[in-house]
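Residue numbers (the working numbering), protein chains in the order written: chain A, 1 to 113; chain B, 1001 to 1115.
In short, the hints are calculated from the structure, not lab data.
Which chain B residues stay away from chain A? Per the calculated CB distances, all over 12 Å, these:
1) ASN1001
2) MET1019
3) GLU1052
4) ASN1070
5) LEU1112
6) THR1115
Subject to a maximum C-alpha distance of 30 Å in a straight line, what follows is the list of computed DSSO-like cross-link-like pairs (lysine-lysine):
7) A:LYS60 <-> B:LYS1009
8) B:LYS1009 <-> A:LYS108
9) A:LYS60 <-> A:LYS77
10) A:LYS52 <-> B:LYS1057
Taking CB as the label site, the calculated pair distances span:
11) B:SER1018 <-> A:GLU16: 49 to 59 Å
12) B:THR1086 <-> A:GLU42: 17 to 27 Å
13) A:LYS52 <-> B:SER1018: 44 to 54 Å
14) B:ASP1038 <-> A:SER83: 19 to 29 Å
15) B:PRO1061 <-> A:GLU16: 42 to 52 Å
16) A:SER85 <-> B:GLY1053: 38 to 48 Å
17) A:THR26 <-> B:GLU1103: 14 to 24 Å
18) A:GLU16 <-> B:GLY1053: 47 to 57 Å
Since the structure is predicted, the reported quantities are computational estimates derived from the model, not experimental observations.
Built from N, CA and C at the ideal position, the CB exists for glycine as well.
Here's the letter readout for the chains.
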Amino acid sequence: GNSVTQMEGPVTLSEEAFLTINCTYTATGYPSLFWYVQYPGEGLQLLLKATKADDKGSNKGFEATYRKETTSFHLEKGSVQVSDSAVYFCALSDQASQGNLIFGKGTKLSVKP
Amino acid sequence: NAGVTQTPKFQVLKTGQSMTLQCAQDMNHNSMYWYRQDPGMGLRLIYYSASEGTTDKGEVPNGYNVSRLNKREFSLRLESAAPSQTSVYFCASSEGLAGIAYEQYFGPGTRLTVT
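Chain A with its partners taken away, still in its complex shape (with noise of 0.2 Å):
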């Protein structure tokens, strides 16, 4: 069936520093591909999405990369700040899960002043 895998957290970095949170996905079709970010106490929120193979998503200083055929989609953002310390959510959907949103397992990012 389809699964994502995320690398495993804590993540802990100092501000400015560069972030790369690794997904990697397995589905029988053609994938949306997403990440969602969870801030302390809150629910999840949408942060970017691709649609199809080399499509690139990004929002808020963060991009990921739809790429086929290494069946991955990671997140990168070049300098992190201390407010986007929170969980992230890489997440697929396609027809063979209905549509229905499949997580990976989430990534805790820690920025330090």
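Here the structure of chain A is known, so what remains is to put chain B in place on it, guided by the hints.
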């Protein structure tokens, strides 16, 4: 625009008690979802409702029931709570379902503890 609201925010139950978690959205969305979030497990889908009048099981439906009361409201019921149901529960909604890349909007969550 409140988005997705959930009540209550916190709840403590004893084993065997029942309760209903309430969820409402004001975005005129067709689809609604219930997830549970456990440490190290990510979010797992309990039930979903593709449209008003329909409900379907997700990955972990055992021990739960749902009602899509109308287009706005989707409730989750625990008939006989068990300690394994201790979790944070999130409701979400989206414009549509079925393979289309609609964004899901999440509520703030209900933290449930079963003792």
